Amino acid sequence: MEKLIEQFSLGLFFWSALIFVGLILVLKKFAWKPILDAVNEREEGIKNALLSAENAKKEMQNLKSDNEKLLADARAERDLLMKEAREIKEKMINDAKSEAQAAGEKMISQAKAAIESEKNAAMTELKNQVSSLSLEIAEKVLRDELSNKESQTKLVEKMLGDAKLN
Amino acid sequence: MVFSNKPLQFIVAVLVACLPLFSSANTATDSVHAKAEVKTESKVLNIKEKEAEDRKEYIQHHLLDTHDFHLFSYVDDNKEEHHIGFPLPVILWDEGLHLFSSSQFHHGEKAAESKGKFYKLHHEKIYRVDSAEGEIQLNNENHHPTNVKPLDLSITKNVFVMLLVSVLIFLLFRSLANSYAKNNGVAKGIGRFFEPIIIYVRDEIAIPNIGEKHYKKYMSHLLTVFFFIWFLNIFGLSPLGINVTGNIAITACLAIITYIITTLTANKNYWGHIFWMPGVPVPMKLILAPIELLGTIIKPFSLMIRLYANIVAGHIVLGSLIGLMFLFKSWFGSTLSFGLSFAISLIEVLVALLQAYIFTMLTALYFGSAVEEHHHEEEAHH
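Which chain is which? The protein sequence lines are Z and W, in order. In terms of my numbering, the first sequence opens at residue 1310 and continues consecutively. In terms of my numbering, the second sequence opens at residue 201 and continues consecutively.
What the hints contain is simulated information worked out from the structure, not anything from laboratory work. Remember, predicted model here, so these are calculated numbers, not experimental data. Every residue gets a Cβ at the ideal spot worked out from N, C-alpha and C, and that includes glycine. Don't take every hint at face value.
Residues from chain Z that face chain W, not an exhaustive set, calculated with beta carbons under 10 Å [unchecked claim]: (1) Phe-1317; (2) Ser-1318; (3) Gly-1320; (4) Phe-1322; (5) Trp-1324; (6) Ile-1328; (7) Phe-1329; (8) Val-1330; (9) Leu-1332; (10) Ile-1333; (11) Trp-1341; (12) Asp-1346; (13) Glu-1350; (14) Ala-1430; (15) Met-1432; (16) Leu-1435.
Sequences are here, hints too, so could you generate the full structure?
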């Protein structure tokens, strides 16, 4: 201990204190502060970059899922539209078919009715003509026959025979 | 602290255990020599003793601060000793400022003259002597000089090395700081190697010990103390023979700065724990107060002694092992001590870093205790 105290040099102590404190102050201003600031800044930068990369990744994932959702929606909508279109098409075809059938049937029935009425009209006219003809004939015959007695009788008889044949 | 000392203690223990092997081998060769050259025995012993004394002095001298930067010395053909190095300025305060070059001491052989006063070196301390031929008067009891000792503020070797290391640290970290601005926040150049260490000090030393909230204001001190001690430790391992951190004045200075910062930045909670320990009965509080107060001084004191002792121990062990190489003049012993000193050197590189780490770590811990927030209720729950 005594030797240690003897070795202790005040001058060396003075200089080392001066140099060391001076070194701290000088290095603080010119080295440690800029170095630590730069290191901190860099670390912050790295942290931020990592964070933003993570965010970008998340956003990408969100976008991807959004896209998928949109795609699925679009697909569903397309399916719906197709289904509806098919239904409409079928309905239209069915409608057209039934309408056409109805129209056809109507036309047929109209035609039938027209034919019937024409036929009736034709029959009536024929009947009328036949009756007027037979009346004329009967008039003529009666005139001829009524001029002579014999022939009158003959005619009545003949006519009666004819009428029986009819 | 514990794990840092263990390997060193282990190596020293192994070394001590191995020593008898070498010395017995040595005495055997000695005895052979002694028989063969009975006449020159006393002379040989004298030279051996002198060599041993030289080595011991060399190691002890190496641990001390010096007033000139001595690189190496050699003895030329004319048996004259030459010292290679360069002088450093001597600054004294002795009834006025004295400023002269340490070359005037002629390595302690002559007295230097300044403004009519004469100074002489004795064990690397400067004492005033009466005249140019004046000698240092030693006390008969403890062989301490009785001469007047002026206030010595010289730029000694240690101060010079500290300045050198400070400039080195400044340039290194200044270039690192500048490289960020130039390269968009990316470090470039040699400073890049130290960037992870700075981040380590921040993330592993400062934040866990001081806390996220307060650590910023201590970062400058922690980083400076870490690199200062580490670089000086590494410089101490260089063959230039520098021993800065193994100097009690310097470790004391670092520890006192830690103590001052701890004391000045301490909050109410810290003082509360010292003078009026919460959660213990009043008599205990009275007993604990002086113990805790003493503890605040013991903490930096342990910092001072730990760094000093570790570095000095490393230097002594390494110096002794290198000395052993010259002591054993056999291929076996010298090779072995070379291997050992090589291994110790590697361990010393580790110790250099470890001691810087431990000093910074404990400093951060003391700072942390100074700004610790009140959280006894939480602890009670656990």
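Here's how the hints hold up against the structure:
no.: 1; hint: Phe-1317; verdict: 5 Å, holds
no.: 2; hint: Ser-1318; verdict: 5 Å, holds
no.: 3; hint: Gly-1320; verdict: 4 Å, holds
no.: 4; hint: Phe-1322; verdict: 4 Å, holds
no.: 5; hint: Trp-1324; verdict: 4 Å, holds
no.: 6; hint: Ile-1328; verdict: 5 Å, holds
no.: 7; hint: Phe-1329; verdict: 6 Å, holds
no.: 8; hint: Val-1330; verdict: 7 Å, holds
no.: 9; hint: Leu-1332; verdict: 5 Å, holds
no.: 10; hint: Ile-1333; verdict: 5 Å, holds
no.: 11; hint: Trp-1341; verdict: 5 Å, holds
no.: 12; hint: Asp-1346; verdict: 8 Å, holds
no.: 13; hint: Glu-1350; verdict: 6 Å, holds
no.: 14; hint: Ala-1430; verdict: 113 Å, violated
no.: 15; hint: Met-1432; verdict: 118 Å, violated
no.: 16; hint: Leu-1435; verdict: 121 Å, violated
This entry does not satisfy hints 14, 15 and 16, going by the numbered hints stated previously.
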